[in-house]
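One line per chain: the protein sequences are A and B, in this order.
Residue numbers for the first sequence follow full-length UniProt numbering, beginning at 1 and rising by one.
Residue numbers for the second sequence follow full-length UniProt numbering, beginning at 1 and rising by one.
Source of the hints: derived by calculation from the structure; they are not laboratory data.
Take these hints with a grain of salt, some might be off.
[Stated by the list, open to error] For lysine to aspartate or glutamate, the following DMTMM-like pairs were computed, each having C-alpha atoms within a straight-line distance of at most 25 angstroms:
1. A:Lys391 / B:Glu21
2. A:Lys391 / B:Asp148
3. A:Lys189 / B:Glu21
4. A:Lys391 / B:Glu112
5. A:Lys418 / B:Asp144
6. B:Lys52 / B:Asp148
7. B:Lys133 / B:Asp103
8. A:Lys418 / A:Asp407
9. A:Lys189 / B:Glu63
10. A:Lys190 / B:Asp102
11. A:Lys176 / B:Asp102
12. A:Lys189 / B:Glu88
13. A:Lys190 / B:Asp148
14. A:Lys190 / B:Glu112
15. A:Lys551 / A:Glu308
16. A:Lys418 / A:Glu308
17. B:Lys47 / A:Glu308
Just so you know, these numbers come straight off a predicted model, no measurement behind them.
If you want the building blocks of each chain, they are given just below.
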Amino acid sequence: MSTAGEQDADLSLQEEHESKTHRTKRRDGDRQKKKRRNERRKGGTRAGEGEEDLQAVSEKRERSKRKRAKSKQETSRRENNEEEEAQLTGVREVDENVDKGKKKQGSTKKGEKKEDGGKQLVKEKARDIKKKNSEPETSEEDDDEEEDNDKDVVRPECLSPEELEKLKEAVDERKKLIQSLRGKPWPMKKKLVTLRESQEFVEKYEGALGKGKGRKLYAYKVLMTKKWMKFQRDFENFKTACIPWEMKIKEIESHFGSSVASYFIFLRWMYGINMILFGLTFGLVMVPEALMGRPYGSMPRKTVPRAEEASAMDFAVLWDFGGYAQYSVLFYGYYNNQRTVGWLKFRMPLSYFLVGVGTVAYSYMVVIRTMARNANESGVGDDNSFNFSWKMFTSWDYLIGNAETADNKFASITTSFKEAILEEQESHKDDNIHLTRFLRVLANFLVLCCLAGSGYLIYFVVRRSQKFALDGLENHTWWERNEVNMVMSLLGMFCPMLFDVISTLENYHPRVALQWQLGRIFALFLGNLYTFIIALMDEINLKRKEEKVVKFNITMWEASLYNGTVLENSTAPPVTIHPADVPRGPCWETMVGQEFVRLIISDTMTTYITLLIGDFLRAVLVRFLNYCWCWDLEAGFPSYSEFDVSGNVLGLIFNQGMIWMGSFYAPCLPALNVIRLHVSMYLQCWAVMCCNVPQERVFKASGSNNFYMAMLLVILFLSTLPAIYTIVSIPPSFDCGPFSGKNRMFDVIHETLESDFPPWFSKVFSYASNPGLVLPFILLMVLAIYYLQSTSKSYREANVELKKKLQMQNEENKRKNKRAALKAQMDLEEARKTAQEQQRNNNASVQDQEGESFDFKY
Amino acid sequence: NQELTFLTKQEILLAHKRFTELLEKHEKEQIDARVPIGRIITLPELKSNPFKERICQVFSTSEQKDGSLTFEDFLDLLSAFSDSATLEIKSHYAFRIFDFDDDGTLDCADLEKLVNCLTGETNDAKLSSTEMKQLISNILEESDIDKDGTVNLSEFQHVISRSPDFVSSFKIVL
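With these hints in hand, go ahead and build the complete structure from the sequences.
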């Protein structure tokens, strides 16, 4: 019932038209029904309309009689059964026919109906009579509509159990039909009619299924399931409406095909993940500390030191995340090591640690789950036995709505056809294999040189920057201060171009070339990142040495202070020193966090600037200089830029890797990344739509998705390694951060276990963590993995075997068919031959006869 | 009628809006107004599709076989090309679109037309006749399982179901 209402809402637009044209028709036909159930009728008329068309003439003639009959029946029903009455208001042709047949036995008008309908009616009439007279144990094996309609006559109370069963089955079948209806390739009209019929049927009999007391409950249950389904559908609608940037992406999809759109979908997915990471760090770490922790200026670690105070609010300093930004919730060093904060007794250090672990764990979970789902979806397309057919049947991307893209697509399809034909014709053509081999080796050598050079450059720059840092940042130029980040960004910008040039030497197939290119860029980024980290490690060690010195100094200083007060006057109040004046250690964690934040910022800036210069400015120049230039700029050399999907994806992945690496030391990183992704979504959408041309080589989106995911997983692993290493092996700074004073950061768990849980729990935990238990457990897990893998392998083998069998069977069938066809042909020929012979004989005999007759005549 | 299509409510509403834009003024009142094929293929989503005429023909329910669409036909089209439609229904319609002469099988002539559609209209892009022959014989060799010289629906679906990117590319979004 509610579904009918829902459709009513959906179709209301259509209905507007419909009601206009059909109102008059409906008015005389369905006036009675209209009174009873307004809403339902509206939905139902569509089906009724089709039926009326079918048998309009006879229907009209019988209408008055039917009405009478129907009302009579209706009243009798009302006495018997309220529910059924409510459900029986549908417009079903066959039903009504049955009613007619029952009420007016021996009516002769049925002859005017369509032939089969009439026959059916007669049959049913006969059965109706039988049914009424005899007890309901009549066994009828057919459970199609005719039989169902029979039951319409009988009250549900006097149905035997097996009939009930049958009814139930029929109802279930209809339900299934409704479920699968949209998967049927029928025209809408047919679907609508079938849907109406099935729905009416289900509604009518669903109530009859329950018995006595249970019926009401059953009806209620049915009603609730319907409501629930409606709710679910509404929720689904709501959910799709909530997906951000759907229209933007669709627009891009229709202009550039699915591969460019896949980048934006990936970007959106990344945005979602970062939102969650941001929620975790913001809600569980930053906000509690800001609200409930000690305020700014209350302790040394929360105050800008005296030396920096003068410049702490300068924009240049803030831009480098120094000054006030450094001594805020944005960085590790600001957090205090008191166990609980605020009236909620919020376990700050524990929360900090768990959020750090949780972000990484969550990322792993999401990436792996997405990968598994993708693999499931595209797991079948592994064999390439249908190479040509796929090229033929599936190469067109129906999303393309831009003439230029379509032209490119045409061209690429043509070349792919030609290539495939060529490959097929001469399966292997090797011209001067030594030269290509030499060139490839040379190319790889060059690439390796590039990689090594860029690695050394970064290392050199980072070391130099340390020297600058020791000198003090203030007496250097802007370039010297931001050298590291700029060099990294520039390398990331220009090296891929260099690789592209080098890869033309190699003369690979475009797809292979693309893979090489991706692999090289990946190696470059990875190398850069790891050199950066190694340099950072050096710096950490330096800082720790410095820290030791400072610690010693501080104890000396405190002692002297203490001594001084004691010497001066023992009754005087203890000297309060402003926290800004307290000497403090170099907090290496904050330093690491700052480095990462600066890296992200400069990376973002370079991305945007290259976007603006490389794409927008180029497009503007090409467009406007084209009027006064000696060659065609649009078609010739500079032209417009293409959207580089793989490069952009790689950039995004590495950016994410940096976020994962640094977010432990700078809780603000996810927030920054969310902003960055948000901006780049709009900026890149705009840039793509206004100044990029579709790619010449249009790649397909499928298959690449999991490739991206795999890279993301690798990066995730590689970026968590150093973070985990620092957490596990380096003792935290003594005077900053939530773990200060502990030997290792993870000691916080131990501490919580001891003080916040009952003693038995920590005892159990200590037992569980003892190597005697852990080792067998790990062993067990390894064994389980091995077992699962071997079973999956065997399944795969079984699959292959089955495939082989299927092919064998196919061939067998083919052969059989061929034989049968041959035989049939032979038979046919033989038959024809004999027929011909016979005919000849006949002819002969006829001739003979004729001859005879002639003879006779003569 | 979400149960009948793979579209969401918003999509249906959008489709209705787009459809009424295609209608002329006096037709907007009629429920079963038909939009002729000439106006359907001016939709930006279909404009550059080489199969646009075929698509209209396949989804049209008009008696004159002129490829004109009612709103219901239009919804059918969008539903079959929507994101969530099943492989089965997509491949069914794809087969009918590729079946240029509507005889229920893809024979050599159909395949040739299909190749020409895919390679575009320009002359230099066309394949030579020997290449075409080679291509078609290759295709038939791969997908014509019962070796009767044509590809029928079940063979077609078999081939399509293995393809990794059919579902993702057989899409039209308004």
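Do the hints match the structure? See the list:
{"no.": "1", "hint": "A:Lys391 / B:Glu21", "verdict": "violated (36 angstroms)"}
{"no.": "2", "hint": "A:Lys391 / B:Asp148", "verdict": "holds (21 angstroms)"}
{"no.": "3", "hint": "A:Lys189 / B:Glu21", "verdict": "holds (23 angstroms)"}
{"no.": "4", "hint": "A:Lys391 / B:Glu112", "verdict": "holds (14 angstroms)"}
{"no.": "5", "hint": "A:Lys418 / B:Asp144", "verdict": "holds (21 angstroms)"}
{"no.": "6", "hint": "B:Lys52 / B:Asp148", "verdict": "violated (29 angstroms)"}
{"no.": "7", "hint": "B:Lys133 / B:Asp103", "verdict": "holds (21 angstroms)"}
{"no.": "8", "hint": "A:Lys418 / A:Asp407", "verdict": "holds (17 angstroms)"}
{"no.": "9", "hint": "A:Lys189 / B:Glu63", "verdict": "holds (14 angstroms)"}
{"no.": "10", "hint": "A:Lys190 / B:Asp102", "verdict": "holds (20 angstroms)"}
{"no.": "11", "hint": "A:Lys176 / B:Asp102", "verdict": "violated (31 angstroms)"}
{"no.": "12", "hint": "A:Lys189 / B:Glu88", "verdict": "holds (20 angstroms)"}
{"no.": "13", "hint": "A:Lys190 / B:Asp148", "verdict": "violated (33 angstroms)"}
{"no.": "14", "hint": "A:Lys190 / B:Glu112", "verdict": "violated (33 angstroms)"}
{"no.": "15", "hint": "A:Lys551 / A:Glu308", "verdict": "holds (20 angstroms)"}
{"no.": "16", "hint": "A:Lys418 / A:Glu308", "verdict": "violated (69 angstroms)"}
{"no.": "17", "hint": "B:Lys47 / A:Glu308", "verdict": "violated (65 angstroms)"}
Checked against the numbered hints above, the structure breaks hints 1, 6, 11, 13, 14, 16 and 17 and satisfies the rest.
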